[in-house]
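K.L.:
Listed below, chain by chain, are the residues.
2 protein chains.
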Amino acid sequence: MAPRKGNLMTVRTDVKVLDATIRDGGLCNNFEFTDEFVTELYKTNVKSGVDYMEFGYRASKNLFDPKDFGKWKFCSEEDIRSIVGENVSDMKIAVMADVGRCDFKEDFIPKSESVIDMVRVACYIHQIPAAIEMIEHFHNLGYETTCNIMAISQANTEQIDAALEMLGAQSHVDVIYLVDSYGSLYPESAANLSKKYLEIGEKYGKAIGFHAHNNQNLAFANTIETLSYGVSYLDATASGMGRGSGNCAMELLLGFLKNPKYSLYSLLTFIEKYIVPLRESGVVWGYDIQYMLTGQLNRHPREAMAFTAEKRQDYCEFYKSLLDNF
Amino acid sequence: MAPRKGNLMTVRTDVKVLDATIRDGGLCNNFEFTDEFVTELYKTNVKSGVDYMEFGYRASKNLFDPKDFGKWKFCSEEDIRSIVGENVSDMKIAVMADVGRCDFKEDFIPKSESVIDMVRVACYIHQIPAAIEMIEHFHNLGYETTCNIMAISQANTEQIDAALEMLGAQSHVDVIYLVDSYGSLYPESAANLSKKYLEIGEKYGKAIGFHAHNNQNLAFANTIETLSYGVSYLDATASGMGRGSGNCAMELLLGFLKNPKYSLYSLLTFIEKYIVPLRESGVVWGYDIQYMLTGQLNRHPREAMAFTAEKRQDYCEFYKSLLDNF
Chain A
10 MAPRKGNLMT
20 VRTDVKVLDA
30 TIRDGGLCNN
40 FEFTDEFVTE
50 LYKTNVKSGV
60 DYMEFGYRAS
70 KNLFDPKDFG
80 KWKFCSEEDI
90 RSIVGENVSD
100 MKIAVMADVG
110 RCDFKEDFIP
120 KSESVIDMVR
130 VACYIHQIPA
140 AIEMIEHFHN
150 LGYETTCNIM
160 AISQANTEQI
170 DAALEMLGAQ
180 SHVDVIYLVD
190 SYGSLYPESA
200 ANLSKKYLEI
210 GEKYGKAIGF
220 HAHNNQNLAF
230 ANTIETLSYG
240 VSYLDATASG
250 MGRGSGNCAM
260 ELLLGFLKNP
270 KYSLYSLLTF
280 IEKYIVPLRE
290 SGVVWGYDIQ
300 YMLTGQLNRH
310 PREAMAFTAE
320 KRQDYCEFYK
330 SLLDNF
Chain B
10 MAPRKGNLMT
20 VRTDVKVLDA
30 TIRDGGLCNN
40 FEFTDEFVTE
50 LYKTNVKSGV
60 DYMEFGYRAS
70 KNLFDPKDFG
80 KWKFCSEEDI
90 RSIVGENVSD
100 MKIAVMADVG
110 RCDFKEDFIP
120 KSESVIDMVR
130 VACYIHQIPA
140 AIEMIEHFHN
150 LGYETTCNIM
160 AISQANTEQI
170 DAALEMLGAQ
180 SHVDVIYLVD
190 SYGSLYPESA
200 ANLSKKYLEI
210 GEKYGKAIGF
220 HAHNNQNLAF
230 ANTIETLSYG
240 VSYLDATASG
250 MGRGSGNCAM
260 ELLLGFLKNP
270 KYSLYSLLTF
280 IEKYIVPLRE
290 SGVVWGYDIQ
300 YMLTGQLNRH
310 PREAMAFTAE
320 KRQDYCEFYK
330 SLLDNF
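Here the protein sequences come in this chain order: A and B.
Under this note's numbering, the letters of the first sequence match residues 10 to 335, in that order.
Under this note's numbering, the letters of the second sequence match residues 10 to 335, in that order.
Treat the hints as calculated values from the structure; they're not laboratory data.
Be careful, since some hints might not be right.
One copy or two, it doesn't matter: identical chains are merged, so the pair holds either way.
To be verified - Subject to a maximum C-alpha distance of 35 Å in a straight line, what follows is the list of computed DSBU-like cross-link-like pairs (lysine-lysine):
hint, residue 1, residue 2
1, LYS267, LYS205
2, LYS204, LYS270
3, LYS52, LYS329
4, LYS212, LYS282
5, LYS329, LYS282
6, LYS320, LYS270
7, LYS56, LYS320
Given these sequences and hints, build the entire structure.
P.N.:
Right under this line is the structure:
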């Protein structure tokens with residue numbers, strides 16, 4: 010194992026914290042946040058020292074009908090500007106573009122005219138060539154780019170090695186993300202995988218990021234474990250809001266980081282004013298046994314999400330049904 | 010850092026899982042479990058392959074009035090036998106005895122006449138001599154013994170080194186426990202501390218245990234991280250039931266361990282039949298922001314427990330009050 014970078018007392022100035030509340034959290038409420046919620050989250054992130062705020066997806070309006078989703082599924086320039094104005098702050102703005110679900114050639118203007126700073130390209134491991142095409146397009150438009158390779162726990166070592174080498178050698182991507190979509194990684198396995206990413210990062214001058222899911226209550230643990238070996242782009246969301254079991258909680262991460270630029274006060278106020286009522290209104294996310302079981306089995310959480318939606322609590326029957334359909 | 014022991018695929022036959030639901034969970038409901046709950050948990054633990062079940066404290070009836078507590082605060086032989094009979098199973102029975110809160114010379118019969126197998130002696134680091142006196146007494150009566158040194162995150166390195174050396178050289182204790190009472194350890198710091206314990210354990214032939222609290226949602230992560238370096242006695246509770254933010258959840262731990270003797274089925278059934286209704290009846294435990302804050306600040310959770318009891322959600326004011334009273 011490579012040595013750890015820094016220690017539990019010191020500041021790592023290479024660390025960048027990205028708030029993905031609207032994007033991953035939008036998967037819990039169909040992106041139907043109030044403007045007040047998004048505006049206050051934006052102000053909170055600026056005050057808390059967050060480095061990037063992801064507003065949502067820029068999804069294809071040919072594939073997805075805007076009538077069926079909140080506006081953060083599409084993240085138009087106008088909608089972002091209605092919240093951030095010219096974004097006079099030290100925080101950068103990101104959106105996500107999924108391979109195969111985005112009209113990337115039509116729907117992005119040059120960075121010089123856009124309020125967006127970074128485009129995060131999400132793909133599965135067999136879509137790396139398509140991801141590279143998109144990354145190069147966004148890079149040529151002037152954006153910072155990331156490649157978020159999802160569901161990495163189901164890829165094999167040869168695939169991962171090939172994907173990382175392609176991204177390193179054949180793309181201008183700035184950040185390569187390790188994404189634990191199924192929440193099945195343990196700190197030890199997340200650290201081992203991150204080491205592989207970090208080697209490619211060092212070879213080709215790319216930063217490495219980590220995006221966690223909390224199926225086994227390990228989102229924060231895996232985030233700080235990969236951080237300790239050199240991962241520097243860290244995704245988190247307010248109170249872990251995100252699909253299924255959710256993500257790494259921003260309050261845990263900001264409380265851990267030693268850089269005095271990060272502050273908890275504003276976030277705690279945001280949580281009591283906006284997250285608590287959102288939960289009380291019936292929006293559901295977070296660790297629960299059904300997500301633990303899909304995480305332990307390294308599976309997509311879709312069955313657990315259905316179990317949650319049906320308000321079932323017959324965990325043993327659910328477990329047996331998962332094992333029957335392995 | 011010492012090498013890890015075993016890996017994520019293999020069985021470690023030295024591992025012993027201890028269920029502390031009645032003991033640490035009893036701190037959430039004044040030890041007032043129904044006999045049905047305790048009986049079903051006992052049966053569940055036997056079926057799940059759990060190695061030890063801790064029934065509660067054997068507290069002094071001179072210091073604590075039995076009228077004020079459920080019976081598992083005192084764990085009489087008769088009360089344990091009413092649940093387990095002669096305990097015809099592979100699982101052993103443990104109770105906890107606190108230094109200074111236990112009439113240990115009067116209240117324990119010889120092991121040969123007792124249904125109890127192990128006595129766990131809990132102390133703070135300045136009470137090691139008193140703990141050793143108790144350990145030797147219990148050892149001479151024929152019991153297995155542990156020493157659970159609490160609040161270790163507030164002890165300094167010299168104290169820890171001296172305490173471990175005393176326990177190793179001057180006692181017959183079988184297991185020395187690293188106890189993260191305030192939930193303030195990170196996987197990296199828990200691993201570093203466990204290495205120190207493991208060195209003493211190797212020198213004097215003692216096993217090492219870990220008892221986690223979930224203030225920063227790291228109870229499970231810290232448990233498996235210390236496990237990976239050689240810690241072998243692992244405390245957990247059903248759904249993490251325990252004081253404040255609770256403990257390592259048994260279902261996470263059993264799902265992680267690879268030894269086929271451990272099984273999740275019975276535990277999942279127990280959770281849906283007994284833990285879900287217990288929570289619905291108003292017994293409260295588990296990760297929440299107030300516990301995160303005391304964990305981040307390495308403090309006793311008493312203020313967070315009061316905040317919880319008052320059903321407050323003004324996290325920012327609470328945080329400021331903690332910082333004002335540092």
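K.L.:
Okay, which hints does this one fail, numbers in order?
P.N.:
The structure conflicts with hint 4 only, although it agrees with all the remaining ones.
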